[in-house]
Amino acid sequence: MEFQTGVEVEVKGVEEGFQGSFYAAKIISKEGSSQYKVKFNTLLKEDLTDFLEEVVDANQLRPVPPQVPKKYFTLYEFADAYDNDGWWAGIICGKFRSDYFIYFPTTDEEKPYPFEKLRVHQGWLNGEWIFP
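Numbering (UniProt numbering), first residue to last: 1 to 132.
If you're looking for bench data, these hints aren't it; they were derived computationally from the structure.
Incorrect hints may appear among the rest.
[To be verified] Calculated pairs, DSSO-like style, for lysine-lysine (alpha carbon to alpha carbon, straight line, at most 27 Å):
1. Lys-45 <-> Lys-30
2. Lys-39 <-> Lys-12
3. Lys-39 <-> Lys-95
4. Lys-95 <-> Lys-45
5. Lys-70 <-> Lys-45
6. Lys-30 <-> Lys-111
7. Lys-111 <-> Lys-95
8. Lys-117 <-> Lys-71
9. Lys-71 <-> Lys-95
10. Lys-12 <-> Lys-30
11. Lys-70 <-> Lys-37
12. Lys-45 <-> Lys-117
13. Lys-30 <-> Lys-71
[Stated by the list, open to error] So the derived label-pair ranges between C-beta atoms look like this:
14. Lys-70 <-> Lys-111: 15 to 21 Å
15. Asn-126 <-> Val-7: 15 to 21 Å
16. Thr-49 <-> Glu-109: 40 to 46 Å
17. Glu-2 <-> Asp-99: 27 to 33 Å
18. Ser-98 <-> Pro-66: 21 to 27 Å
19. Lys-39 <-> Tyr-72: 17 to 23 Å
20. Phe-96 <-> Val-55: 23 to 29 Å
21. Lys-45 <-> Phe-115: 31 to 37 Å
22. Gly-17 <-> Thr-49: 31 to 37 Å
23. Phe-96 <-> Thr-49: 17 to 23 Å
Since this is a predicted model, take the numbers as computed values, not measurements.
We treat Cβ as the ideally placed atom computed from N, Cα and C, and that holds for glycine.
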């Protein structure tokens, strides 16, 4: 899939400790045949003066997923939780009061999140959104 300059995307985290995460970014330019330069919307440079810019492989990019209206989540449903400036894929493993507990297989952690910090998990496969 080709992305145009200025388009909002999500960048897949591939480094150790970041698997299963996606970060909002904007395409700055295409770099060669299979890479793009992006500017992250939430990740800052080390000196905290501006948002981080990075060249990433095209296979790390996907469009911003469409919003899926949701009133509640059910046990064992796949969901993304917003944490540490990105969306992390996990599984609903419990609920207590207004918090949902999410299990993250990539980090083997379980953490509580309010409904407002969750979204329906969607995968991007062959140019289409899929729901696990």
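Going down the list of hints, with the structure as the test:
1. Distance restraint check for Lys-45 and Lys-30: the Cα-Cα separation of roughly 21 Å lies within the 27 Å cut-off, and the hinted pair is therefore satisfied.
2. Simply put, Lys-39 and Lys-12 have alpha-carbon atoms about 13 Å apart, close enough for the 27 Å limit, and the pair holds.
3. With a C-alpha separation of about 36 Å, the suggested pair Lys-39 and Lys-95 falls outside the 27 Å cut-off, and the hint is violated.
4. For the hint pairing Lys-95 with Lys-45, the CA-to-CA distance comes to about 36 Å; that exceeds 27 Å, so the pair is violated.
5. For the hint linking Lys-70 to Lys-45, the alpha-carbon distance of about 34 Å lies beyond 27 Å, and the restraint is violated.
6. Proximity of Lys-30 to Lys-111 is assessed by CA-CA distance (about 37 Å); at most 27 Å being required, the pair is judged violated.
7. Only pairs whose Cα atoms come within 27 Å are accepted, and Lys-111 paired with Lys-95 is accepted, the gap being roughly 11 Å.
8. Restraint check for Lys-117 and Lys-71: the C-alpha separation of about 13 Å stays at or below 27 Å, so the hint holds.
9. At roughly 14 Å between alpha-carbon atoms, Lys-71 and Lys-95 fall within 27 Å of each other, so this suggested pair holds.
10. Under the criterion of a C-alpha separation no larger than 27 Å, the hint pairing Lys-12 with Lys-30 is consistent with the structure, at around 17 Å.
11. For the hint linking Lys-70 to Lys-37, the alpha-carbon distance of about 33 Å lies beyond 27 Å, and the restraint is violated.
12. Between Lys-45 and Lys-117 the CA atoms are separated by roughly 24 Å; this keeps the pair inside 27 Å, and the hint holds.
13. For the given pair, Lys-30 sits about 39 Å from Lys-71 by alpha-carbon distance, which is inconsistent with the 27 Å threshold.
14. For Lys-70 and Lys-111, the hinted distance range of 15 to 21 Å is satisfied, since their beta carbons lie about 19 Å from each other.
15. In this structure, Asn-126 and Val-7 meet the distance hint of 15 to 21 Å, their C-beta atoms being roughly 19 Å apart.
16. Taking 40 to 46 Å as the suggested C-beta distance range, the pair Thr-49 and Glu-109 does not conform, at roughly 31 Å.
17. For Glu-2 and Asp-99, the Cβ-Cβ distance of about 40 Å falls outside the hinted range of 27 to 33 Å, so the restraint is violated.
18. Remark: the range hint 21 to 27 Å for Ser-98 to Pro-66 is upheld by a beta-carbon distance near 25 Å.
19. Between Lys-39 and Tyr-72 the Cβ separation comes to about 35 Å, which falls outside the hinted range of 17 to 23 Å.
20. Checked against the hint of 23 to 29 Å, the C-beta distance between Phe-96 and Val-55 comes to roughly 42 Å, which is inconsistent with it.
21. The hint said 31 to 37 Å for the Cβ distance between Lys-45 and Phe-115, and at roughly 32 Å that hint holds.
22. For the pair Gly-17 and Thr-49, the beta carbons lie near 24 Å from each other, so the given range of 31 to 37 Å is not met.
23. For the hinted restraint 17 to 23 Å between Phe-96 and Thr-49, the CB-CB distance of approximately 40 Å leaves it violated.
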